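*Asks:* The chain contents come next:
Protein chains: 4
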Amino acid sequence: MTAVTDEPTAEELAQLDELYADFAAANMAPLWTQRGGLMPQTPSPHAVPALWRWSTLYPLAARSGELVPVGRGGERRAIALANPGLPGTAYATPTLWAAIQYLGPREEAPAHRHTQTAFRFVVEGEGVWTNVVGDPVAMRRGDLLLTPGMHWHEHHNTTDHPMAWIDGLDIPLVRQLDAGFFEFGPEVLSTTETPAASRNERLWGHPGLRPVGAPAPAASPLMAYRWEHTDAALAAQLELEAEGHPGVVSPGHAVVRFTNPATGRDALSTIRTEMHRLGTGARSLTTRVAGSGVWQVFSGSGSVTVGDETWDVGTGDLFAVPSWAPVTIRTDGGLDAFRFSDDPVFEALGLARTSVEDGS
Amino acid sequence: MTAVTDEPTAEELAQLDELYADFAAANMAPLWTQRGGLMPQTPSPHAVPALWRWSTLYPLAARSGELVPVGRGGERRAIALANPGLPGTAYATPTLWAAIQYLGPREEAPAHRHTQTAFRFVVEGEGVWTNVVGDPVAMRRGDLLLTPGMHWHEHHNTTDHPMAWIDGLDIPLVRQLDAGFFEFGPEVLSTTETPAASRNERLWGHPGLRPVGAPAPAASPLMAYRWEHTDAALAAQLELEAEGHPGVVSPGHAVVRFTNPATGRDALSTIRTEMHRLGTGARSLTTRVAGSGVWQVFSGSGSVTVGDETWDVGTGDLFAVPSWAPVTIRTDGGLDAFRFSDDPVFEALGLARTSVEDGS
Amino acid sequence: MTAVTDEPTAEELAQLDELYADFAAANMAPLWTQRGGLMPQTPSPHAVPALWRWSTLYPLAARSGELVPVGRGGERRAIALANPGLPGTAYATPTLWAAIQYLGPREEAPAHRHTQTAFRFVVEGEGVWTNVVGDPVAMRRGDLLLTPGMHWHEHHNTTDHPMAWIDGLDIPLVRQLDAGFFEFGPEVLSTTETPAASRNERLWGHPGLRPVGAPAPAASPLMAYRWEHTDAALAAQLELEAEGHPGVVSPGHAVVRFTNPATGRDALSTIRTEMHRLGTGARSLTTRVAGSGVWQVFSGSGSVTVGDETWDVGTGDLFAVPSWAPVTIRTDGGLDAFRFSDDPVFEALGLARTSVEDGS
Amino acid sequence: MTAVTDEPTAEELAQLDELYADFAAANMAPLWTQRGGLMPQTPSPHAVPALWRWSTLYPLAARSGELVPVGRGGERRAIALANPGLPGTAYATPTLWAAIQYLGPREEAPAHRHTQTAFRFVVEGEGVWTNVVGDPVAMRRGDLLLTPGMHWHEHHNTTDHPMAWIDGLDIPLVRQLDAGFFEFGPEVLSTTETPAASRNERLWGHPGLRPVGAPAPAASPLMAYRWEHTDAALAAQLELEAEGHPGVVSPGHAVVRFTNPATGRDALSTIRTEMHRLGTGARSLTTRVAGSGVWQVFSGSGSVTVGDETWDVGTGDLFAVPSWAPVTIRTDGGLDAFRFSDDPVFEALGLARTSVEDGS
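Protein chains in written order, with full-length UniProt numbering: chain A, 1 to 360; chain B, 1 to 360; chain C, 1 to 360; chain D, 1 to 360.
One chain only, chain A, in its complex shape (with noise of 0.2 Å):
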């Protein structure tokens, strides 16, 4: 073996290009040339932090309500969140999609089911219902609402006045790894009923019960996680801790995870969902976690910084955070946001890593 380092002869480098070409042609591609690129000793995501206001979003989506309709093919009048990291695609990050869908007055979007997993998030406004395999559930300001994998659903808006919300998919993940399926169904809604609860609710929205008549899913049973007992649960974090008491995850800073009750693991079995308070004055703690996340501040208003970037953000805005990139929120009169991120699909690979970093 002759060694490179040592100054190749022009012989051995034309020798080395007639190699590269037969690899080339043989479908084969060295790894000592990419190793680094392949291999990074830290994640190096293509991702990069990126804000969208949604002063800018919800106008654009508007827009589209007078221009494009909801039907058969395109399917939901929705406008992704396209990572200026990854051009060509619309994608948020390399695994999570998020987009704001519109519907208009009376509309409705007609159902299908996919391997996908889907959810709902609502920061503003109320008046649409999603039939999920046949069950009503009402959208409202603050509800997380799940589509997990393979649910027939369809939305139908009930009133005189548009509706907007944030869709999060695991669309990317699914699409590079080739495991989608997707059904269209009926063109006719299945219902259009219009209950305050839905049938999931009342069967498995009482805590800690669970209706033995009623078996478990392998996806949360449970559709619909309502505003008035996500913010009763924020709130008593932050009391417990002006009692002196544990519950906060650090100073200032309450969070609860959407979970399935059959199981207490994540709701969604790709997308963890959680929600964030930050009390008055309050400050993160920095945090960096391999696998991305995307953020919507639900209320309040703040600073963020995500890697290099920091902005300040106000309710509806969002923020994508790509893999190992460190986050840390600041509020003076405090916040509330909703994030959701790929931390499941780590967890079950075994790929899950955090650092935490005091910052002060």
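Read the hints as simulated data drawn from the structure, not as lab findings.
None of these values were measured; they are calculated from a predicted model.
Honestly, I wouldn't trust all of these hints.
Unchecked claim - Ranges between beta-carbon positions, derived for each pair:
1. C/232 to D/303: 23 to 33 Å
2. D/232 to C/235: 16 to 26 Å
3. D/34 to A/187: 39 to 49 Å
To be verified - Residues from chain D shown here face chain C by an in silico Cβ test under 10 Å; the list is partial:
4. 194
5. 239
6. 242
7. 246
Yeah, the Cβ is synthetic: ideal placement off N, Cα and C, and Gly gets one too.
Guided by the hints, dock chains B, C and D onto chain A, whose structure is given.
*Replies:* Chains B, C and D only, in chain A's frame:
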């Protein structure tokens, strides 16, 4: 070998007697003489179906309140249901302990902890707080309160009236296994606070919401299951049935199981706890399970058949169900009943078996 | 309330007597008079440390071979070790049954199946095949053979000499739980084949290799653990120790646990099975576990201390270890011992506890 | 809203163009124009069925052995199979990396460790030891050797002849997830010992036997699966089939899966590894799975159909199977093949799906 079935001779019988005597001297015992008793074709419990009436229990408990102090050593003024089929014990079934505990005005029961898993269920009254690892938990009608194994606990009556409730424990199981450890705590109450909601409820009592800052222990982190939630969950099942939707276990029969919100599994590792509601005119399926249980009527009235016994029952009445005894409950005006059982033990050991008979 | 500790008056004592009589009449029993016995501070087993010598057991078994037939009803010529602390039972410990089973030349034991979990361990001899669900399994010195719950099994001696082995079952546990079901099978053997290796071994007996076409049952699919593998695994641990590498549980003490290759967990759901080897001059750590066990010396000799008892032991001798009794084994020339215990029950129910004392 | 399906006017088209431009400026992308591509009705992989012949691969690897050194930075002389459907990558499938690695006489590859899970499979030759966390593991024909995530590893050829083998890793998956961490180790080998069996095999390589003194890590503790065991297990399945007993996955088709002996689950958390044997004249079922895989013929010859491609294959030939592509293997004289796939990822995320077609 001489087959004893071929009319053994006198000599053979003498040899056999000598053999059995030598077995006994050697601390040995033949299987063949006792196989049927040790390994019956179906469970043949010593425990029998048995009923205890609240109208008997409560006055006896009250009399003990006059005569017997609560204090170190005896620890609790609790009077156990002793199954007549298990003489010499104070066991309701071979695995379960059930007792009425009585705490007089302003009385305290001192702190201790033990391997045995415990719960309290309140059929009437209020005014006592049980402090579980220093967290004061109010006890009120219809509530289920947990004390998982090795959790410090103490009780105190903050009122001028007595209060009684049901204790359930796995004392017989733990005694049989020689698994028990017990520790005495301080004589002085860890706290005299009397909050409406305990800290564990404030953290964990929100449906499907997990407090991220409060690591879940092996046992249930939720110690109190409040009647308002249980009642609402049972009512919803019967309403869904009336609307034509699934949810009940059989016509007119709603059931919720108390579960650990961090895992979705039974709230206690060795004891299943459930609340049953039979609607007006309902009749349960006739069901046998391998394993034993104890029921207490919480409200309403009806008739219960356990094996060959049938009793009319009303509020507070308790009955024990031996392993594999068929149980049927009937009611005209509706009936709520609390049930606890050793099902989790049978499931954990691969011994669970159920048989449902139509019985119509 | 009158405190009885303040020297009760004669009237009070009479009232108390009347109360206790009324308790008894109502099938009730006070906790406070028996709390210490029911809930001791550490396990206080009725079972005692006990030794059974092979030199006693085997001749008694042989005598029963002359006098007692094997047949339907008694089912097996098995003679149990009856713990002197558990009079009136045939239990080695509160959860475990241990017996010597003896099968004469050309004898057969007919098919049955039962809830109870069983194994055979062979301390000497060979020539019997046990058919487990129709799969003939040779029994040879040092082998562990399984019969998980509800597996049909029958034995037949294909030789002109008798054979004896140890049976282990969870009969006491299942009896206490009232969990047992038992079925008789056909009188005629399912097969008289005598292959060297059973079909389950041929499918599942390859290290780390799972047969994809053979779905794994809940119980272990591997029914035979052969001495050649056990011996090699123990030898390797001591060799690694001599080379300076980890692997032994303590100096000179090698242990392997028999596991279900489909799960890596205990081979049987209610009984732990292990083989221990102490090297020349070795002494085990002194260990207490919550839960009981039975040991049989397989080869070599040594001295065993269980609680307050110390015995010199040799091949075939068995001893019972009550819950929480400290065990120490010493040997000059080396000693192999088989151990079985109820550890999996304790682990499944959250009751496991271990204490290791240096004891030096 | 104006329905665009009703022949949009020129003005509407202009408004739509403007809307789409504004989307792009805001880093947004509409779902409705790309829904079908993102969420196809069945998986529509970019990866294609592809074949690499050993007769091409090996000489190219040997030429690189002349021209390219092994050393720090490039780390390994490994040449990857680059799927023609995934241009610009060196990926065999969207989740799997497959490469031929070549180590010249007396060469060493320096220590490193990484998040990526890796294995080696040896189709010919011997003489290299891979040290995994300091434990030297011989590599010989037919062996599967593991390097779970974050395990230090290094290779050294102890002979005067070169050796080549196949590396499999989850590099594409980990790259896509931005999950990778990588560390360089010392330049000097941790050990130059060349034992026939590694320490992990001596502890864990006994069927169904768990070393109690060696705590099981999260990853498989067994790093080497030897051909003698794999061969025997496959042979046994075909023999059992010939005797009329179950065990094969379909007529003439035996399969073993390499598993973690401490859990019975896949040996690696993100990669399934299996060995297949088709007997004389056998034909596999035609099977589709959601997820991708790579096969290497180990011995024998036959014909393989993947989707629309059919190839004659022999020893050493590799082929990639995209998600949901039907695979059929036929052989006249018998064929052994190693398969690895991303099945564990699909199972962990709830995305697994299989379809078997008779195809006769």
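*Asks:* Which hints from the list above does the structure break, by number from lowest to highest?
*Replies:* 1, 3, 4 and 6
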